[in-house]
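Student: Spelled out, the chains give:
Number of protein chains: 2
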Amino acid sequence: MAETFEKLNRLLERAAALQTAMVLFEWDNETLAPKGAALHTAKMIGSLSEQYMEIVTSAELADLIKTCRKEGGLTGLQEAVVRETEEEISRWKDIPVAEYRAFRELVSRATGIWAKAREENDFASFAPVLREIISCQKRFAACRAKEGQSLYDVMLGDYEKGFDTEILDDFFRELRENIVPLLREASERSQKIRTDFLSADYPVSAQERAARFLAEYVGFSFDRGVLSVSAHPFTTNLHNHDVRITTHYGKRIDSSVFSVIHEAGHALYELGIRDDLTQTPVGQGASMGMHECQSRFYENIIGRSRAFWEPIYGKIGEIFGEPLASTPLDDFMAAVNRAVPGLIRTEADELSYGLHILVRYEIEKMLIGGELDVDHLPEVWNGKYREYLGICPESDSQGVLQDIHWSQGSFGYFPSYALGSAFGAQIYYHMKEEIPVEDLLREGKLGDIREYLRDRIHQYGKLKDSRAILRDVTGEDFSPRYYIRYLKEKYGA
Amino acid sequence: MAETFEKLNRLLERAAALQTAMVLFEWDNETLAPKGAALHTAKMIGSLSEQYMEIVTSAELADLIKTCRKEGGLTGLQEAVVRETEEEISRWKDIPVAEYRAFRELVSRATGIWAKAREENDFASFAPVLREIISCQKRFAACRAKEGQSLYDVMLGDYEKGFDTEILDDFFRELRENIVPLLREASERSQKIRTDFLSADYPVSAQERAARFLAEYVGFSFDRGVLSVSAHPFTTNLHNHDVRITTHYGKRIDSSVFSVIHEAGHALYELGIRDDLTQTPVGQGASMGMHECQSRFYENIIGRSRAFWEPIYGKIGEIFGEPLASTPLDDFMAAVNRAVPGLIRTEADELSYGLHILVRYEIEKMLIGGELDVDHLPEVWNGKYREYLGICPESDSQGVLQDIHWSQGSFGYFPSYALGSAFGAQIYYHMKEEIPVEDLLREGKLGDIREYLRDRIHQYGKLKDSRAILRDVTGEDFSPRYYIRYLKEKYGA
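Chains as they are written, first to last, in this note's numbering: chain A, 785 to 1277; chain B, 785 to 1277.
Bear in mind the hints are in silico, worked out from the structure with no lab data behind them.
Beta carbons: idealized from backbone N, C-alpha and C, even for Gly.
Incorrect hints may appear among the rest.
As the list claims (entries may be wrong) - The calculated label-pair distances, taken between Cβ atoms and stated as ranges, are:
{"no.": "1", "chain 1": "A", "residue 1": "G830", "chain 2": "B", "residue 2": "L890", "range": "53 to 61 Å"}
{"no.": "2", "chain 1": "A", "residue 1": "D980", "chain 2": "B", "residue 2": "R1090", "range": "51 to 59 Å"}
{"no.": "3", "chain 1": "A", "residue 1": "E1218", "chain 2": "B", "residue 2": "R915", "range": "43 to 51 Å"}
{"no.": "4", "chain 1": "B", "residue 1": "E904", "chain 2": "A", "residue 2": "A1118", "range": "52 to 60 Å"}
Stated by the list, open to error - List time: in silico DSS-like cross-link candidates among lysine-lysine, alpha-carbon distance up to 25 Å:
{"no.": "5", "chain 1": "A", "residue 1": "K791", "chain 2": "B", "residue 2": "K827"}
{"no.": "6", "chain 1": "A", "residue 1": "K827", "chain 2": "B", "residue 2": "K791"}
{"no.": "7", "chain 1": "A", "residue 1": "K976", "chain 2": "A", "residue 2": "K791"}
{"no.": "8", "chain 1": "A", "residue 1": "K1168", "chain 2": "A", "residue 2": "K1099"}
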């Protein structure tokens, strides 16, 4: 056994090295690379990706896995490595290589077409390529679908193991029924809240200092991490000793402030993964949803709470100077907790955010299920925004063209955002029974909260999936009711 | 033929992708990566390097090359690709893989030991590992040495094809005989030159603006390049559309000013390589020496000339402010052209620089030739500094421990620095006969000079080696006399 597993490890290390290189290229591309480099660099990334695929679909890897299974006697970690590898193999083994290469090229063209279409508010120019992407993704999903499994469920499973449309239909119904009326009330109250002090020509250097301070405050380590700037904030990691976050500095300081706390939440997850897991197929966060759970827990559940700001608000005022410095904490708290329906998902408040995802979930289900043609996308999009958020985009740029995901071929990804919030609420109510969260925040003891999460979630990487984590941490399976309760307590009259 | 070459290209592209990834990791490591990441990242780089070596030493590659040779009918470019590939194969094919892996690990440990030894001025702690490195490198060179070829000549050939100790002995003898007395005179005159205005608490932001301005002024393109900060300035490139330089900002502004011009000189070379060569084995500068020729030509030959500064000195004064702004250009020119022997190579002026290299060349020859044991290195080093530069290090940190090269296993590299200066002078005198260099500088027409170099040198990549370039550009083989003439004209009484 030991010998077979050692051989497997060596082969997986080669795959991991290729993957890590691709992560670094992506990071570099988003944060630093000169704009003229893209075409030439893409050729290199394409080759690395092919070399990776060759390992994953090689007879050598399949044989090693088979031998591991036959020989048995796997430790828990080895068992998980074999399982994740099997899943990765089954994700790729039936995909025709030439077709997949054509798809990668299609997608890399498509993001450019999408960006131009969004800029020029020209959905028609994006529609044909989107239709092609959907058709490719459906073909690939069909290669992998189990007996009776819907194509959209195949896609959902890539981002959130153990979740399918049956569970998500229930979840989103709950959201719709509860949040739509709640948002209407909260929105009226929010109109009166002043926010002028959030956008008062604060210098970028102050925003940078605040970003660095907040990242460190929640526990991000600059010895094992990097903070850079990119058009859209994101987190990535080479391994558990090199985790990188980005932010952007704009007119409104709450944008970078909360994006940094959000990304630091992602980063703490990856930094907290055990040393014996990192650089193996088990050495990443359990799922997209569990990742969003960590980031949104930090950004919203604790990051927008009064207790979080009490010990540091003075320091933050010092960093930004006037007018923030003389703005009462209560005004600041009110401003960063306004709930007003808007058109843009990434700018949405905590309450309406779930409705933005609801729209996308319902549409994806129809698109993949063949019940909606791309040509009718804008009108369906606009109709749902009117119905759920009470507002309607005046242009497709502000509507159906706002997100990059579909142009990248990502379908089934959006629901994870909302699931993350729901996981977070479920964990939060349980956590409060075990440790005095508010007191800890008030005393600036972020380390205790981080250790709680590390101990129960972070360290395990992919040893457990998100539902198993929820069961182990909270004693029950996934349930949307905590999320609804949380939103009602926070935004109810 | 076409089909075989196409197969060869595909395999070489895989190797190039792995190599480009390693370049990016190295760049990232020097400019950005968190310090805690090194150990884990090294594992990934080790795997990429192994995957690269496997391609280079594969039977598949050897067979393709053999078939190309047999089928014949190669174009000029194809011929060069095959030739460079053959050389790369022969560089690696006889090196025992396990031994080489052990060597890479040794070297990665050694740079840490060297850094500590330098910090603590403790040569004895570095000596054993240095002895081991030398012994490994000699073994590897022995695997590759041709009949009658000395081991040091094998090493020299890696950096400068067509150069060996026979040529270099002559070259360095000329340097010694001419520069040693010249430096003595120039140094006396230099004592009186004031330099206070070069280190007057100029803010880093001004240094940054000047660095960007100067890089662009000589022709560096930020659409296809990046300027970052690292402990030691360097240039690297992913391909001809992504060329990156670094600098550092210290107390003395001439340090970053001239390092940026120097690195931009390297960068212009890589940016100027033809599109059909980049990302092939021919798509890099011809040699280390020809690269240093470009960088030193920009830094010293034109970069320290009055004509270069005339059109931009006002702008530079504006960027830095007082006291530079009111310092006469003649004072600035005198200050940046002082020639005073010092202990540190990287801080050396143009005139004494060659003597620093001379010391290293003579010592490397002895170390590899077995005529000098590592234990006696410090006293031999100090003796040579006394003899050639008239000064003696008070500590090994300022002496034999100052350079990282030997700890990285680089022997035979140093001579390229001096050769670069000599190539530059030879090209300069010829260039002056063809285009009015000084007038162009005075008119700010840097583009004409860049085009001259691009047309005659840059575009060819490795299609020609440095001696062939010199012959084609100047009509004669390498000759040290232009360099001596240049130094005498500039620094003679």
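Student: Are G830/A and L890/B spaced within 53 to 61 Å by their CB atoms?
Tutor: 35 Å, violated
Student: Holds or violated: K1168/A with K1099/A, Cα cutoff 25 Å?
Tutor: Not OK: K1168/A and K1099/A at ~43 Å, beyond 25 Å, violated.
Student: Does the structure keep K827/A and K791/B at a Cα separation of 25 Å or less?
Tutor: Holds, at about 16 Å.
Student: Given a hint of 52 to 60 Å, does the C-beta separation of E904/B and A1118/A actually sit inside it?
Tutor: 57 Å, holds
Student: Do the Cβ positions of E1218/A and R915/B conform to the proposed distance bound of 43 to 51 Å?
Tutor: Since E1218/A and R915/B have Cβ atoms about 59 Å apart, the given range 43 to 51 Å is violated.
Student: Is the Cα-Cα distance between K976/A and K791/A 25 Å or less?
Tutor: 65 Å, violated
Student: Taking 51 to 59 Å as the stated bounds, is the beta-carbon spacing between D980/A and R1090/B within them?
Tutor: 56 Å, holds
Student: If you draw a straight line from the CA of K791/A to the CA of K827/B, is it 25 Å or shorter?
Tutor: Between K791/A and K827/B the Cα gap is close to 16 Å, so the pair holds against 25 Å.
Checked against the numbered hints above, the structure breaks hints 1, 3, 7, 8 and satisfies the rest.
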